Amino acid sequence: MDDIDEALTRLARAPVPALDGLEARVLAQIAMPRAAQAGFGVGAITIAALAIGMIGAGFPASPSTAAPLSPFGANSPLAPSTLLAGAQ
1 MDDIDEALTR
11 LARAPVPALD
21 GLEARVLAQI
31 AMPRAAQAGF
41 GVGAITIAAL
51 AIGMIGAGFP
61 ASPSTAAPLS
71 PFGANSPLAP
81 STLLAGAQ
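Once you know that position 11 of the sequence shown is 11 in the working numbering, the rest is easy, because the numbers rise by one and skip nothing.
What the hints contain is simulated information worked out from the structure, not anything from laboratory work. Note that this is a predicted model, so its numbers are computed, not measured. Beta carbons: idealized from backbone N, C-alpha and C, even for Gly. Watch out, some of these pointers could steer you wrong.
Distance windows between CB atoms, simulated [unchecked claim]:
1) G58 x M32: 39 to 45 Å
2) A7 x P80: 54 to 60 Å
3) I45 x S76: 58 to 64 Å
4) P60 x L84: 30 to 36 Å
5) D2 x G56: 55 to 61 Å
6) V16 x A51: 51 to 57 Å
7) I55 x S76: 46 to 52 Å
8) L69 x A44: 43 to 49 Å
9) A31 x I55: 38 to 44 Å
10) P33 x L83: 52 to 58 Å
11) L22 x I45: 57 to 63 Å
Using the sequences and the accompanying hints, generate a full structural model.
Shown next, in the form of structure tokens:
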């Protein structure tokens, strides 16, 4: 506990930083163009997204066949009792 008390005492005795000019610095940061901050990152992410999309579109999906589904039938594969019972 003494370390915390000493740290708080040092913090209380530290000089308060001057606040003059703070508003000008904040407004200058806000006025800075966002494109200059984005830089290389946005372009790299765009190219990566395009590459992933093209690669994903190149792989053929496995063919699937449509099966008749009767939601109100006795043997519905999506019925909770069927899903909970599993393959018995």
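So, going through the hints one by one against the coordinates:
Restraint check, G58 to M32: a C-beta distance of roughly 41 Å satisfies the suggested window 39 to 45 Å. About 59 Å separates the C-beta atoms of A7 and P80, a value consistent with the hinted range of 54 to 60 Å. Roughly 44 Å separates the CB atoms of I45 and S76, a value that falls outside the hinted 58 to 64 Å. Checked against the hint of 30 to 36 Å, the pair P60 and L84 passes, with Cβ atoms roughly 35 Å apart.
A hinted range of 55 to 61 Å holds for the C-beta pair D2 and G56, which are about 60 Å apart. A beta carbon spacing of about 52 Å between V16 and A51 agrees with the range 51 to 57 Å that was offered as a hint. The supplied range of 46 to 52 Å is broken by I55 and S76, whose beta-carbon atoms lie about 38 Å from each other. Taking the beta carbon of each, L69 and A44 are about 44 Å apart, inside 43 to 49 Å as hinted.
The hinted window of 38 to 44 Å between A31 and I55 holds, with their beta carbons roughly 41 Å apart. Taken as a hint, the range 52 to 58 Å holds for the pair P33 and L83, whose Cβ atoms sit roughly 55 Å apart. Between L22 and I45 the C-beta distance comes to about 33 Å, which lies outside the given range of 57 to 63 Å.
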